[in-house]
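In terms of our numbering, the sequence shown opens at residue 8 and continues consecutively.
If you're looking for bench data, these hints aren't it; they were derived computationally from the structure. Just so it is clear, CB atoms sit at the ideal spot from N, CA and C, and this is done for glycine as well. One thing to keep in mind: the hints can contain errors.
No more than 25 Å apart at the CA atoms, straight line, and that leaves these computed lysine-lysine pairs for PhoX-like [to be verified]: (1) Lys66 - Lys111; (2) Lys111 - Lys90; (3) Lys59 - Lys74; (4) Lys74 - Lys90; (5) Lys111 - Lys59; (6) Lys74 - Lys111; (7) Lys59 - Lys90; (8) Lys66 - Lys90.
Just the calculated beta-carbon pair ranges, DEER-fashion [said to hold, decoys possible]: (9) Gln93 - His72: 18 to 28 Å; (10) Tyr84 - Ile39: 17 to 27 Å; (11) Arg73 - Ser27: 43 to 53 Å; (12) Gln92 - Glu70: 21 to 31 Å.
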Amino acid sequence: MGTKVTSQTDTQELNREELSVQEPDEYRVYLINDDFTTMEFVISILMTVFHKNLPEATKLTLEVHRKGRGMAGVYPYDIAATKTQQVHTMARQRGFPLRCAMEKA
């Protein structure tokens, strides 16, 4: 077995590639108020999908109710899209029109 010799050129290429890596864009995920979805269901969504504790979920649910929408979290695109889809799927399964929206942070 031979040993691999790393040249200075290989090291420079590796460093150049490391410097060009960028953080993914972040997206805010909002729950949108409606007149039919129960506050209990919104709290359960916040605890299940967004991993909020009961006091945080309750506070955010009241914000959604009073202001029309509330930010559930900020995530990279794929995670934000997945959480949005989870909310819509769970709401439809329970017969609620709860909506969730994403916007670039």
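Cross-check of the supplied hints:
no. : hint                      : verdict
1   : Lys66 - Lys111            : holds (23 Å)
2   : Lys111 - Lys90            : holds (15 Å)
3   : Lys59 - Lys74             : holds (19 Å)
4   : Lys74 - Lys90             : holds (21 Å)
5   : Lys111 - Lys59            : holds (21 Å)
6   : Lys74 - Lys111            : holds (20 Å)
7   : Lys59 - Lys90             : holds (13 Å)
8   : Lys66 - Lys90             : holds (20 Å)
9   : Gln93 - His72: 18 to 28 Å : holds (21 Å)
10  : Tyr84 - Ile39: 17 to 27 Å : holds (19 Å)
11  : Arg73 - Ser27: 43 to 53 Å : holds (45 Å)
12  : Gln92 - Glu70: 21 to 31 Å : holds (22 Å)
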